[in-house]
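So the sequence lines, in the order shown, correspond to chains W and Z.
Add 17 to a position in the first sequence, counting from 1, and you land on the number used in the numbering used here.
Add 17 to a position in the second sequence, counting from 1, and you land on the number used in the numbering used here.
None of these hints come from the bench; they were simulated from the model.
Treat the hints with care, since some could be wrong.
One copy or any two copies: either way a pair holds, since identical chains are not told apart in the list.
Simulated pairs of lysine-lysine, BS3-like, Cα-Cα distance not exceeding 30 Å [stated by the list, open to error]:
| id | residue 1 | residue 2 |
| --- | --- | --- |
| 1 | K73 | K129 |
| 2 | K129 | K100 |
| 3 | K88 | K100 |
| 4 | K88 | K129 |
| 5 | K104 | K73 |
| 6 | K88 | K104 |
| 7 | K73 | K88 |
Note that the structure is a prediction, hence the values are computed from the model and not measured.
2 protein chains.
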Amino acid sequence: MAILSRMANQSIELSDVFYALGDPTRCSIVGALGGGPASVSELAAPFDMALPSFMKHLAVLERSGVIRSHKAGRVRTCELQPKTLSKAERWIAEQRATWEARTDRMVDFVEKLHQEELSRDQCDPDKP
Amino acid sequence: MAILSRMANQSIELSDVFYALGDPTRCSIVGALGGGPASVSELAAPFDMALPSFMKHLAVLERSGVIRSHKAGRVRTCELQPKTLSKAERWIAEQRATWEARTDRMVDFVEKLHQEELSRDQCDPDKP
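Extracted from the complex, chain W is given alone in its bound form (with noise of 0.2 Å):
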C-alpha cells in the first residue's frame, strides 16, 4: 500500500512536471535557460507577452521544480533545476524500455514459432 501510494505521488508529481512543459513558452524558456541563468527580463525580451503573463509561465515551472529563482536587489535571475529534468528523462526512458523489452520478447516468440515451422516442413516427408 506504502509503496502503491509513493507510485501515485511519483506520478503527480512527474505529471507536474510535463504539465510545466506542456507549453510552447515553457520550453522555449528552459530552451533558453540550458545556456545559462538568467533574468527576467532577459528571458521575458524575445516574447511578445505582458509581464504578468510571463511571470505566471516562470510561476508554473518553479512551482514544477523545473527551474528556481533568486532575487539580488530587484533583479530576480532563474536557473534549470537539471535533477528534475532527469527525474522526467528517466520516467520516459523507463515507460519506453518497458515497452521495447516486451516488443523482443514478441520479435524472439515469433521467430521460434517460425523456426519450428521450418523444421516441421523439412522433416514433412509428404512435402516435395
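With chain W's structure known, arrange chain Z on it following the hints.
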C-alpha cells in the same frame, strides 16, 4: 528563417507531447501501456471515472502521438508509440546536456583561476 520556423514547430509538437503527459491519469495510462497494447475497457478499469471523460484523456494522448489506437469489431485497442516518447526524452536530455556542459566549463574556469592565484601566492616575495 526556415530553420527557426522548424524549431518553433518542433517546440510546439513537443509541448503537445509534454501536455499529454502532464496529467496523473494520462501518466498512469502510459505506464499501463508499457506492458503492451490494451483495450479501452481494460485501461479504464482501474479508474473511478466516467467513460466519456476517460476517452477524452485517450484522445489527448492520441492527438499528441504518444499512443495510437485501432478498432477491431467493437473493441478499440491502444498502444504506445515509442518514437514519440524517444523524441521527448531526447529533448530533455539535450537541455540537460547543454546546462551541464556550461556548468563543467564554469568549474574548469574557477579551478584555473584558483590555480593561477595559488602559483601567484607561491611566487610572491612579500608572502610569509
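| For which of the previously enumerated hints does the structure constitute a violation, in increasing order of number? | Going through the list in order, the structure violates hint 1 alone and respects the others.
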